[in-house]
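*Asks:* Whenever a hint applies, use it, and build me the whole structure from the sequences.
One letter stands for each residue in the lines below.
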Amino acid sequence: MDSENTTSVNLTTQRRRLSPKKWNDYIAAYLMIAPLSLGLVIFYIIPFFQSLYYSFTNMQVFGPSTWIGLANFKRMITDQSLMQAISNSFIYTIISVPISILIALVLAVLLNVNIRGRSIYRTLLFLPCITMPAAIAMVWKWFYSTSYGLFNGFLHIFGISGQAWLVDPKIVLYSVIVVAIWSSVGYNMVILLAGLQGISPQYYEASEIDGAAKFKQFFSITLPLLTPTMFFVLVMAIMSALQAFDIIFMMIPYDSMVINNVEPLVYIFYRNAFVFNDKGYASAIAILIFVIIMAITLLQMKLQKKWVNYD
Amino acid sequence: MKTRKILALLMSLLMVVGLMAGCSSKANSSSSASSDQKYTITCAIWDTNQAPVMKLMAQQFTKENPNITVDVQTVPWGQYWVKLQTAAAGGECYDTFWMSPAYSAQYVRGKVMMQIDSKIKESGVDMSQYPSALTAMFSFNKKTYAMPRDRTMTLLYYNKTLFDVANISYPDETWTWDKLVQVAQKLTNKSEGIYGMGALNGGEHNFYNTIPQCGGYVISDDQKKSGYDLPATQQGVQMWVDLINQGISPTIAQLTDTSQEKMFMAGKLAMFYGGDYNMTEFNNSDIKGKYDVSTIVIVNGKRINDVVGLGNAIWSQTKYPDAAWKWTLWQEGKEGMDMLSNIVQPAYTPSITQYMAAHAGLNTQALLEEAKNLKPYPSSIDAAKWRQVESDQMVKAFTGQETVAKACNDLATQMNQLLAAEPSMSD
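Which chain is which? The protein sequence lines are A and B, in order.
FYI, our numbering numbers position 242 of the first sequence as 242, with every residue one higher than the one before it.
With the second sequence counted from 1, adding 1000 to any position gets you our numbering.
Please keep in mind that the hints were generated in silico from the structure rather than gathered at the bench.
Every clue listed holds true.
To be clear about the criterion: a stretch of chain A counts as covered by chain B if any three or more of its residues have a C-beta under 8 Å from a C-beta of chain B, and this derived list gives those stretches:
{"id": "1", "stretch": "59 to 72"}
{"id": "2", "stretch": "162 to 169"}
Calculated Cβ distances over 10 Å to all of chain B for the following chain A residues:
{"id": "3", "residue": "Phe90"}
{"id": "4", "residue": "Glu208"}
{"id": "5", "residue": "Lys302"}
The beta-carbon is built from N, C-alpha and C at its ideal position, and this holds for glycine as well.
*Replies:* See below:
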């Protein structure tokens, strides 16, 4: 870097004019990020503003739409099923995220030790994340089937009567949460593992010399130094939990009798957009989801100073 | 350094080009419309069971019209309507596609389907060969927008083995609802998990039949008023709820978990009301040869069959209107309809004999009996909204959360509100 400054004296006197080399660098850089940026603008940014526009209209399936201002948003306040969906999403997130991260943390720590076959364990635990959601939904639907499912069949052996996992309005949400935890543990574990391996072994060696037990090491060294990774995992997990849709959609059809008890935010967006064909209202819901996730993420960013340890 | 940069630039350019190529999907050969050029037109369907026969029909059509190839594309029911509306809204729709009476009003209003009255006249199609109840579902303001393709009527399916074991004679056209309940009670065996008759909380192939039989209606003929607050309508629903209350039918929870069809194929359901399309699935399963069909039972001295049937529609902005009409016309003629009769009941009356021959061994005579009194499927422009309310309210009624009367009265109130807010066909 220093060589750059000393090669041409012109730079100190004529700051504005860039050397041809620098100019080339800049152009190359912009060209390289162009494809991704273009994709981002065309498929994310522009549609976002379009959705924002639609949320103020009464767009249906076909035909022109008229501007109705805040009517969609006013309607959201009194929409019972939307309130239920928000509640479903929050319960889903509050339960699945901490449990998933906790299990992932324990597994990551265990799999950080040099035991035989640990790469096999890591692979097995990571497999759910790379399995197609359709396959996951199909298998778990079979597990949960009231009359022919694996779980109820297993319970039957012990004489316990099976539950209606996917059909009982009181437990369907929790059945779905179990699948969520199962499918996300592997992903969180792999990231936490990477974080663990970033912790210098010198800390552990030093603490062993000072006579620290394994548990003390975990809470005093591992956890604090892992907080940046944990913060990342937490933010990503919450975002993905609030946007959960595909597995639930494939396990619970939209005309199921328990749909109101389990549908999260993105599902009710789907129903309004494509089942009721109320695309204006659905766009308003999409904006609401955006605002909720944005608010929670900003809150997390603010709070990170309190508990995340960047050394 | 320089070669690395060039390489990186080339790679990113390649990726962009690859992305663009992957995004474009329409691969149509010709752009002009001269009659001796080769065309490929697309035809969208939703039933994977019917895809093989549709492909055979397309091949036969091309043999007779060598310059037109038909590309049959199957889009499963769950995604069909989403795909169709996005395609139509985006200006890149299928040339021909299946249309359901549940959505035809909406798509006509959206100007997606081509009006075909002039084409019908030019080609000299004899519309009397298609039941009027079917053509009515695709006509609005005396204009026709799709040709009826098939008719799906409700049949009473019964498991012959269960009847034989209990030594009860099979259902026939004289059966009334009371007789049905009586027999179903005898066939119900709770300890073995066998139920006599299925009661589903849906209208199609269920209470959409019994409601008119009891003298009520779901929606008025001008599509402005709900019929659910009429006592006659509510009676048509109550009969089904009673089946569940008496233990003759599985509960809604059980049926949500395992469909009627699956229970029937597993021998756990002795009878149920199904569509005639179920025969294809049953004939490919373990229950083949062990079941038969009969007419739906008489209620109040009447037998009325709520007929559904899909239609063949042409996209209003297709680039190949003549080719599309040729394909549609061929499907609607004797040859196309005869081929169709192997899997569904054709709308074309002269082909019904072919259908019965293809399903020999089953009591298809029942269908001729039912064809005597058909009523079109209840629908409106924005039906999806009130159908959701109907579904929610029926769940409450069928699971016992509310009485049938209360659930139906609430349904009527909400339905009337939604119907009042519906746009009219012309604006």
